[in-house]
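One-letter residues, chain by chain:
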Amino acid sequence: MNRIKQMINTREAKKLWRNKLALVALAIIMLYLLAALFVMAGGISRVTCDTVIGPNKMPGFYRQDTPEKRYENSTKKFLTKVKRALAAEDVEGALSEVSLGPFTVVNKSPAELEMLVAEVDALAGELNESPNLDIDPSLLPKIADLEAAEAQLKAPLTAWQQFVYDVSILLGTDAQGRSIFLRGIYSIKIAIQIGLVTAIFAVSLGAFLGAAAGYFGGWVDHVVVWIYTTFSSIPNLVLLVVLAYAFTNSAAKDTLLPVYIAFGATFWIGTCRVIRGETLKLKEMEYVHAAQTAGFGPVHILLRYILPNTAHLMLINFSLLLIAAIKSEVILSYLGFGVKNQPSWGIMIRDAGNNGDVVGGFFWEIGFATALMFVLVLAFNILSDALQDAFDPKHV
Amino acid sequence: MSPPPTNSDNDPVLVRVENAVKHFPKRGGLFNRVIAKVHALNDVSFTIKKGQVLGVVGESGCGKSTLGKVVIRLHRPTSGKVIFDGTDISQMSNQQLRPIRQRMQMIFQDPNSSLNPRMTVETTIKEVIGLHDVVPESKMDETIDQLLKKVGLRIDDKMKYPHEFSGGQKQRIGIARALAVNPEFIIADEPVSALDVSIQAQVLNLMMDLKEELGLTMLFVSHDLKVIDHFCDSMLVMYLGNVVEEMPCEDIHAHAKHPYTRALLSCNPITDPDQRGELTVLEGEVPSPYDPPAGCPFVTRCAIKTKQCETENPPLLDRGNGHRVACWEVE
Amino acid sequence: MPDEQPILKVRDLCTRFKTGRGIVTAVDGVSFELYSGETLGVVGESGCGKTVTNKSIIRLLPEHVTRYGEGSVVDYRGTNLLELKEHQMRAIRGNEIGMIFQEPMTALNPVFTIGWQIEEALQYHTDLSPSQRRTRAIEMLRLVEMPNPEKRIDEYPHQLSGGMRQRVVIAIALCCEPEILIADEPTTALDVTIQSQILRLMEGLKQKTGTAIILITHDLGVVAQACDRVIVMYAGQIVEMAPVRQLFHNPKHPYTKALLDSMPKPGRAGHQKRLPAIEGTVPSLFNLPKGCRFAERCGHRQNNCETALPDLIAIGNEPHSSKVRCFYPLGETA
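Residue numbers (our numbering), protein chains in the order written: chain A, 176 to 571; chain B, 6 to 336; chain C, 2 to 335.
Just chain A, with the same shape it has in the complex (with noise of 0.2 Å):
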């Protein structure tokens, strides 16, 4: 409690609450972090983020499409998803991740259901006739289940349904019907991950080495300032591109692994050198001396005297990183390198241009992607400065 209470007293959390634009900056990120948790607890899965609810439509205009385009579109999606899945290897896992959703049932009319169920029912009769498709009997169930589903799209929508509806088309959907502001919104959690692991890992490391190297010196310092020139010599986004390849054929391929694995290797540098050097001025501090002739040990001068006042650094150095690690994914992203299968700002950036959307003047999934990025890098820039002011001696 007394240290809490220490911590908010100090001249550099008072400066930082002086400093009103960090505070703004501090509340956006916290808002940020809110929507990550929201969709990490489930909120916005990713079956929904790939759920189509229409054709590239602009914000708003969504509604104006005639029930049977929007069923035709629907149902197609659906259908070649069904089919894709029971081509799949894996048919009773790819099946279980086909879902009708709640958008794509929204504002149907009877006579829409009926023709949907039909399209499934004669679906369904395909695929037990097809002999090429060479299908478990044992499944046939699910696709019963499937069709269960009917019951469920000719209920009326709930007003919760039809609020997620509304927020979906906020800000239309992107090539493939997609809705873009749920995609977005994915996207920060994903970024948020990325940023939250590579910076808790690189700074970890990069502390852990960087003040063993200079308190001990000698042989350890010399290896891993080694190590370290070394790394800092390869390009991240191409050790990147080799550990996409490394891991094609591995489990880990559709994972973040890769990501964090080639993020983890390079961004502690930085730290590590930063550390290094606050610790070669520490270890000459008098109260490190103290504790040395107290005869106190090396580990836990390390742990009590040395890091404790490199704390300023770490936290600091974790902002930093934590935008270099949105950013870089992002670029990675959007070069096809980085997060694959899920959504990601870099992904819907180049969906964008892809689909010549962004020539055809549908600027809003380019848009909306750029400035969550934009607000949330602005933030932490803003938080970093403040940071590194209120930590800075020199300011009053």
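Read the hints as simulated data drawn from the structure, not as lab findings.
Just so we're clear, the structure is a prediction, and the values are computed from it rather than from any experiment.
Glycine included, every Cβ here is placed at the ideal spot set by N, Cα and C.
It is possible that part of the hints are untrue.
[Claimed, not checked] Label pairs and their calculated CB-CB ranges:
{"no.": "1", "chain 1": "B", "residue 1": "258", "chain 2": "C", "residue 2": "322", "range": "32 to 40 Å"}
{"no.": "2", "chain 1": "A", "residue 1": "208", "chain 2": "B", "residue 2": "41", "range": "18 to 26 Å"}
{"no.": "3", "chain 1": "A", "residue 1": "208", "chain 2": "C", "residue 2": "157", "range": "34 to 42 Å"}
{"no.": "4", "chain 1": "A", "residue 1": "456", "chain 2": "C", "residue 2": "78", "range": "20 to 28 Å"}
{"no.": "5", "chain 1": "B", "residue 1": "41", "chain 2": "C", "residue 2": "78", "range": "47 to 55 Å"}
{"no.": "6", "chain 1": "A", "residue 1": "478", "chain 2": "B", "residue 2": "55", "range": "32 to 40 Å"}
{"no.": "7", "chain 1": "B", "residue 1": "41", "chain 2": "C", "residue 2": "155", "range": "21 to 29 Å"}
{"no.": "8", "chain 1": "A", "residue 1": "456", "chain 2": "C", "residue 2": "76", "range": "43 to 51 Å"}
{"no.": "9", "chain 1": "C", "residue 1": "17", "chain 2": "B", "residue 2": "214", "range": "35 to 43 Å"}
{"no.": "10", "chain 1": "B", "residue 1": "88", "chain 2": "A", "residue 2": "456", "range": "32 to 40 Å"}
Mind docking chains B and C on chain A? Use the hints.
Just chains B and C, lined up with the frame of chain A:
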């Protein structure tokens, strides 16, 4: 008052330094080779008897701080012995040193850097006591309170962090930390140099009281001849890593023999404006410790040098009464 | 003591800073005169306002947090320096008022030769040609007793020792022949033997050039050695102003007396005895007492000391007699 050192010849010796040498390598060049050596300590020998306060005085770079750090084994001497209460600690490992560390403690110069800014006073002291197990856990709080009272701090100060104290108070905390493990021997490295005059006197008084009360033996390092003269029983005068003179403090004004000691005496700012004209200013500067003169270290600035001084370093010879001088020209 | 008009008159100087904890008055009502050819010592403990006073005179404090009092005047030859614009001030700094700082290490630019740095000051303030400037720079180095100035002029600061660097700083400060030289702890970072050299050099230069020197220091020894008149400051105010002999032999303010007493004295009389220390600490500028600022630590205080702030009053009638801020000056009432 402790008796003058001349009467205490029978006192057992607590610290004996024999021919201590410390070189610091300077590295550089393509492969980080040793390209030069700083001769920080050059064949330094002396003894401190129990209860005695030995002062070490000299200008910056004379090796006085290195000497303190070698004695407390923050630095390992390049060669020579540091014998503490009969045991040579000069080459011991940190593990072996731990029990001895409890018996010798250090007070540091800069009150702003001698306390860990992230630790309260209580934690700072508790840590040291806990490490050496000098007090049972149950009596810890009581001990800390007594200690704080002893150095003139309030008991409610113990929950505070260093930045909440003034320089003088921080120095008191540093003293409390040093005394926490009941040491016999204290090395004080410029303990009052960073303090204002009025605070300097407070801290010197405190150290004086504690020394009397606890019967401490001390090595007191300072650049300020006035402080050394006031506080110590005898003093070493150092120049460029060499001890050039050792004498009881009472001898300094009347009997200081080495030309450097005499120059230091006259340079030390007098507090009487009437004596202004009598100042003799020592010309020149201290030579680089990377490249000390071949003979006597003081030869470049000495007014009474001869041919011999330029080639041979004079030995530190005993002139009786605990007075040792290293000079060819002093008989 | 010279009888002519003072070259610098400071009247009721108040310097306030805006800080995170509110407004703080670092210098409170400081008034003094400086005559050409004299060395005026400003002595006091850290935080007493001695540096701020002198930085106010040359306006080197960060403008955005500094406020000067309503009636504050720094009168240099009829102009109030506090009212000048920054570019007008620049013509005075270095040219009319030279400065020497504490740390000779950081006062010089490490990437230029010392000759370049002296010539730069000359280029800014004079119309000398480049070759004249170089000649003048060598002359200046010779003036500050730099050995072998023709060779040294092309060296970089890191090639010089601390004492030599301080000589270069003095040479830069004096190259435009300023009327006033403000030296802020010029010898604190130096060893005693070098300190004596620098103090002797400054005394010699003062006699040669007639420059008035304001010497800021915490060291009473330096004051005794180098100053003609002394200002003693405590918690932002002048507590005593006196000629140096009088200050040391017959201090009037209890603080001055206590400060002198608390220094270790040579000789056997006080050897290894307790020093008469001033107990307590300097009051915080954020929380100043209502009465005399020294009252809390004063051994001579009476009841009214804690309620009323004494004025700085002249003792005696001579024009340069000492002044003291005390209701009960020492050696007067006894």
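If you check the beta carbons of residue 208 of chain A and residue 41 of chain B, does the distance land in 18 to 26 Å?
55 Å, violated
35 to 43 Å as the expected CB spacing between residue 214 of chain B and residue 17 of chain C, which holds or is violated:
Given range 35 to 43 Å: holds, Cβ gap about 41 Å.
CB-CB spacing for residue 55 of chain B and residue 478 of chain A relative to the 32 to 40 Å hint:
Holds - the Cβ-Cβ distance for residue 478 of chain A and residue 55 of chain B, about 37 Å, lies within 32 to 40 Å.
Given a hinted range of 21 to 29 Å, is it respected by the beta-carbon distance of residue 41 of chain B and residue 155 of chain C?
At 24 Å between Cβs, range holds.
Has the hinted range 43 to 51 Å been met by the Cβ atoms of residue 456 of chain A and residue 76 of chain C?
46 Å, holds
Cβ-Cβ distance between residue 258 of chain B and residue 322 of chain C: within 32 to 40 Å?
35 Å, holds
Is it true that the C-beta distance of residue 208 of chain A to residue 157 of chain C lies inside 34 to 42 Å, as the hint says?
For residue 157 of chain C against residue 208 of chain A, whose Cβ atoms are near 52 Å apart, the range 34 to 42 Å is violated.
Within 20 to 28 Å or not, the Cβ separation of residue 456 of chain A and residue 78 of chain C?
47 Å, violated
Falls inside 47 to 55 Å, the C-beta gap from residue 41 of chain B to residue 78 of chain C?
54 Å, holds
Is the gap between the beta carbons of residue 88 of chain B and residue 456 of chain A within 32 to 40 Å?
Holds - the Cβ-Cβ distance for residue 88 of chain B and residue 456 of chain A, about 34 Å, lies within 32 to 40 Å.
Of the numbered hints listed earlier, those contradicted by the structure are 2, 3, 4.
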